[in-house]
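For the record, the sequence lines run as chains A and B.
Per the numbering used here, the first sequence starts with residue 364, numbered consecutively.
Per the numbering used here, the second sequence starts with residue 3, numbered consecutively.
What the hints contain is simulated information worked out from the structure, not anything from laboratory work.
C-beta atoms are modelled at their ideal positions from N, C-alpha and C, and glycine is treated no differently.
One or more of the hints may lead you astray.
Computed beta-carbon distance windows for the label pairs [to be verified]:
| no. | chain 1 | residue 1 | chain 2 | residue 2 | range |
| --- | --- | --- | --- | --- | --- |
| 1 | A | 402 | B | 215 | 32 to 40 angstroms |
| 2 | B | 65 | A | 387 | 34 to 42 angstroms |
| 3 | A | 426 | B | 154 | 15 to 23 angstroms |
| 4 | A | 467 | B | 232 | 53 to 61 angstroms |
| 5 | B | 104 | A | 410 | 20 to 28 angstroms |
| 6 | A | 407 | B | 147 | 45 to 53 angstroms |
Just a few of them, taken from the derived set where beta-carbon distance is under 7 angstroms, the chain B residues facing chain A [to be verified]:
| no. | residue |
| --- | --- |
| 7 | 101 |
| 8 | 109 |
| 9 | 153 |
| 10 | 185 |
| 11 | 189 |
| 12 | 190 |
| 13 | 195 |
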Amino acid sequence: MLLVVTYSQAARATLRNVCQSHETVVVRRFGRAALFAATELGAFLALRLRAKHGGDVQLSQTEPFNEFTEVDEEIREAAMAYEARDSPSTPYAKFATGTDYPSPERMRDREL
Amino acid sequence: MSVVTVRVGTRAYSGRGVDLRAESVAPAAVYEAAAMGDVNDRVVVESPKPSEGYETLWCIRGEPTTSVVRSLEAAARSRGQATPEDDERASVEAALAELDVPTVETTAARRRVARVGADEERLRERVAELRGRLQARREAGASVDSVRQTLSETAGRLAEVETERIAAEQALERAEREAAAARDARERRLRLEDRAANLARAARRRLAESVYNEFASALRSLPGEAEPGSTPGEFRGDPVSARLAAVRVADLDAPVVLCVDRFDDADAAADALDAPVVRI
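Sequences are here, hints too, so could you generate the full structure?
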């Protein structure tokens with residue numbers, strides 16, 4: 364899908380109008396951003412926004428996230444274990460200390 | 003109430019209400035003369051300096067384009083009223099003026115990545131094809147020198163294009179990082195603009211409400227049909243009457259340009275509106 368983020372009042376207003384008049388292309392709307400369907404019409408509308416508002420429009424391509432293909436098991440398990448922790452006030456860094464779960468620093472530097 | 007003098011060419015008109023219907027004068031010419039003191043033009047207005055709000059309320063025409071709330075804000079401002087929101091709004095606007103927003107331009111870098119990538123793809127296919135042909139000729143016992151030569155040249159070009167593609171991708175990554183920083187500034191600008199707009203709206207509502215009772219009684223004293231209700235949002239009726247009442251509430255000093263037939267003459271209009279009037 365195409366993620367369209369706007370960075371000015373005028374670009375946001377145009378996005379709002381585009382979303383209102385092309386409901387079938389808009390997968391989701393969030394304030395000053397929207398997800399357009401990955402179709403030529405979606406691309407056409409996104410490019411029209413960029414042509415009109417230049418750098419006030421950011422376009423990215425997104426796809427659904429599959430953690431079973433993209434992420435190592437230890438990261439998934441760490442997330443599950445932390446959300447199931449006994450003490451809600453424990454920060455993750457402390458929770459991971461002395462366990463096999465990866466530290467935030469280690470995860471920060473490793474790309475998917 | 004002050005008396006105004008309007009000169010049109012060599013003729014002069016004076017009074018609380020001035021009737022210029024015999025002259026061919028555009029409303030904007032009176033405004034410019036009164037607000038900007040534009041003496042080079044054919045029309046000269048001698049009157050006190052206009053107060054704040056004049057640029058909103060200076061004209062009464064058949065189809066007013068300003069909302070009741072905006073007219074009332076201008077009326078309150080013309081009387082020197084301020085709001086608690088004004089100071090913060092001024093500082094937000096000063097921050098906006100100082101904000102440095104770099105440009106975001108990654109088009110050339112994106113195009114280069116696409117072009118070099120297409121070249122690379124084409125050369126890769128060509129190399130595979132030449133390898134196949136070389137193999138086939140070898141198996142057939144035919145001469146391979148010429149094909150081997152072409153393959154070697156093409157593989158050399160492919161290696162160059164691969165290097166260029168990597169450079170292009172790195173350049174695009176750099177451009178995207180710079181764009182992200184520029185977007186941070188744009189996001190700050192948008193937040194400040196939204197804040198300024200919210201403060202302006204709050205001030206407008208506050209000022210309009212502060213003069214609403216006076217506005218409602220002014221409406222009753224003026225010609226036209228209107229139901230003011232008790233807040234600006236409840237106003238129902240003739241927008242020209244709303245504008246007349248806002249002008250009556252206001253303290254404009256400079257003359258109001260009247261383009262509608264609601265009064266017997268310019269003096270009657272000046273009395274009813276409690277402001278100097280130029281009838282056009």
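List of violated hint numbers, smallest to largest: 1, 3, 7, 8, 9, 12
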